[in-house]
Amino acid sequence: MAQEMKIVPARHWGQWLVAVILTAAVGFLGTMVLSSPNVAWSSIPLYLFDGTILEGIKLTILFTVLSMVISVIAGAVLAMMRLSSNPVINGFACLYVWFFRGTPLLVQIIFWFNIQLFIPSIDIGPLHVETNAIITAFVAALLALSLDEAAYMAEIMRGGLLAVDDGQREAAVALGYTPSQTMLRIIFPQALRVIIPPIGNQTISMLKTTSLVSVVAAQDLLTRAQNIYAKNFLIIELLIVASIWYLVMTTVASILQYLIERRLGRATNEAPVIWRTVQRLLRAEGSKG
Amino acid sequence: MQHTSTHSENPMVEAIGVRKSFGLLEVLKGINLTIHRGEVVCLLGPSGSGKSTFLRCVNHLERMSAGRIAVEGKLIGYHERNGRLHEMNSRELASQRRDIGMVFQRFNLFAHQDVLTNITQAPMLIRGETRETAVARARDLLRLVELEGREGAYPLQLSGGQQQRVAIARALAMRPKLMLFDEPTSALDPELVGEVLAVMRKLASEGMTMLVVTHELAFAREVADRVIFMDQGVVVEEGPAREVIDTPKHERTKAFLRRMH
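Respectively, the protein sequence lines represent chains A and B. Numbering of the first sequence is given in our numbering, commencing with residue 1 and proceeding in unit increments. Numbering of the second sequence is given in our numbering, commencing with residue 1 and proceeding in unit increments.
Honestly, the hints are just simulated from the structure, not real lab data. You may find that some hints are simply not true.
Computed list of chain B residues with no C-beta within reach of chain A, every gap over 10 Å [what the hints assert, rightly or not]: (1) ILE16; (2) LEU24; (3) GLY38; (4) GLY83; (5) HIS86; (6) LEU217; (7) VAL236; (8) GLU251; (9) LEU257.
Have a look at the derived ranges for each label pair, beta carbon to beta carbon [claimed, not checked]: (10) B:PRO190 <-> A:VAL69: 44 to 54 Å; (11) A:SER180 <-> B:SER47: 31 to 41 Å; (12) A:GLY167 <-> B:SER95: 21 to 31 Å.
Computed footprint of chain B on chain A, listed as stretches where at least three residues anywhere in the stretch have a Cβ under 8 Å from a Cβ of chain B [stated by the list, open to error]: (13) 160–173; (14) 178–189.
Everything numeric in this text was worked out from a predicted model, so none of it was measured. Positions of the beta carbon are idealized from the N, C-alpha and C atoms, including for glycine.
With the hints as constraints, model all of the structure from the sequences given.
Next comes the structure, spelled out in structure tokens:
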């Protein structure tokens, strides 16, 4: 009978060393920042719930929601165009994706804001409108964010549509579904499972990306913080206030994303079954030939 | 559908000189074939002989390169105008395909829908049937394929044999006048083949017109009225099922049947 012996786990000395160095470094930086006489810490809570800042948060969320909604719709259209057999339609979608993914968003924002420089007014028959009256900072910012995001969304959606087995389309078509019924009832619902997680990531990313529109003073969270520190010079303090809010928003969005994916995950739990079925089909195929 | 008067005169399927090329490879080299109402015809032949491609031409899933196929006297996929064939638009194609059921090798049940929705969606969406009618019909069909009570199951919760039987029920829900089977048992585990063939046998005995691509010689011999043997894109031999399978005349048919036994 073997005598019971005490088990001594392996010691990871290297990891311990790294942990100690990390703690020391974070502690050092923390004390350096917190003890800095140049940061007016007491002003941060004052500005955290400032009315202007809260208005800015509202606008940042509005930009995020609107640009995501527009880009999801535009992206779906572009993705279907990409899968079209007509070379002109397909080519247009390719060109769109190439152009908007290839130019910096910051440049696009400034471009839309200055569009009146080469299109000063819009004339349709008797109708005459100054471009500036339509393309305000808000509209320029929203256009830039949406059109740019649509290019990425198109690629995400195309991936989702291609992930649905072509047999599903064939079965629907053989039953007499029209192409649009096939897309709406059969292919798109199945593509959603692939599409939704990356859309969540893009949304979280968009919350932060909206800060770029501050270059055209679109009154988002960063613009408001900048407006305040332009007057009182509490630059670091207001950037910290803005950062706190961005962290709050992205954290809430991440939790929402987690909840949505867990819901979807219930169905995706069957992925191993799908895999097993695929393997069985492959085996049957092989033995047939 | 307006041709009701000619129904009794025309064969169910009439194919004349059907050709199909994929790039430089010609897989169908002029197929002529007639299937009469109520007939069960099995297409046999080695892999790559063009049998599945031909089957897929019958409901225009595959666009043929030349020739013509008519179902009940109506040209499939094309309008004939001034000596030219104009391809139909997707709406017209969809309306022709309603009347032709198809069963696939890989079942292709709609993975996001339960069994009942798989069977009832097309009749409701495309034929405009009421929910009650469609559901009642679906239950009848599930009884036919011996899957009563599985309305709520999702395709992945079913075995291959069960999925294929649901797929047959789904096709029958559209009340087709012709059923196409594309190697319906080839993707199944051997012990599940029998249950699918049993359903097909039942359908045949009820007088359904069926065109079946299969490797199941015993089924073909027993159930088919006629067997067509294809090889390298041409019809090599055709005739009554037992005659062709038991006493093949052509050398290529003999060689193929020897390999299958």
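Each hint tested on the structure:
no.	hint	result
1	ILE16	holds (23 Å)
2	LEU24	holds (21 Å)
3	GLY38	holds (22 Å)
4	GLY83	holds (27 Å)
5	HIS86	holds (18 Å)
6	LEU217	holds (14 Å)
7	VAL236	holds (20 Å)
8	GLU251	holds (22 Å)
9	LEU257	holds (17 Å)
10	B:PRO190 <-> A:VAL69: 44 to 54 Å	holds (52 Å)
11	A:SER180 <-> B:SER47: 31 to 41 Å	holds (35 Å)
12	A:GLY167 <-> B:SER95: 21 to 31 Å	holds (22 Å)
13	160–173	holds (count 7)
14	178–189	holds (count 6)
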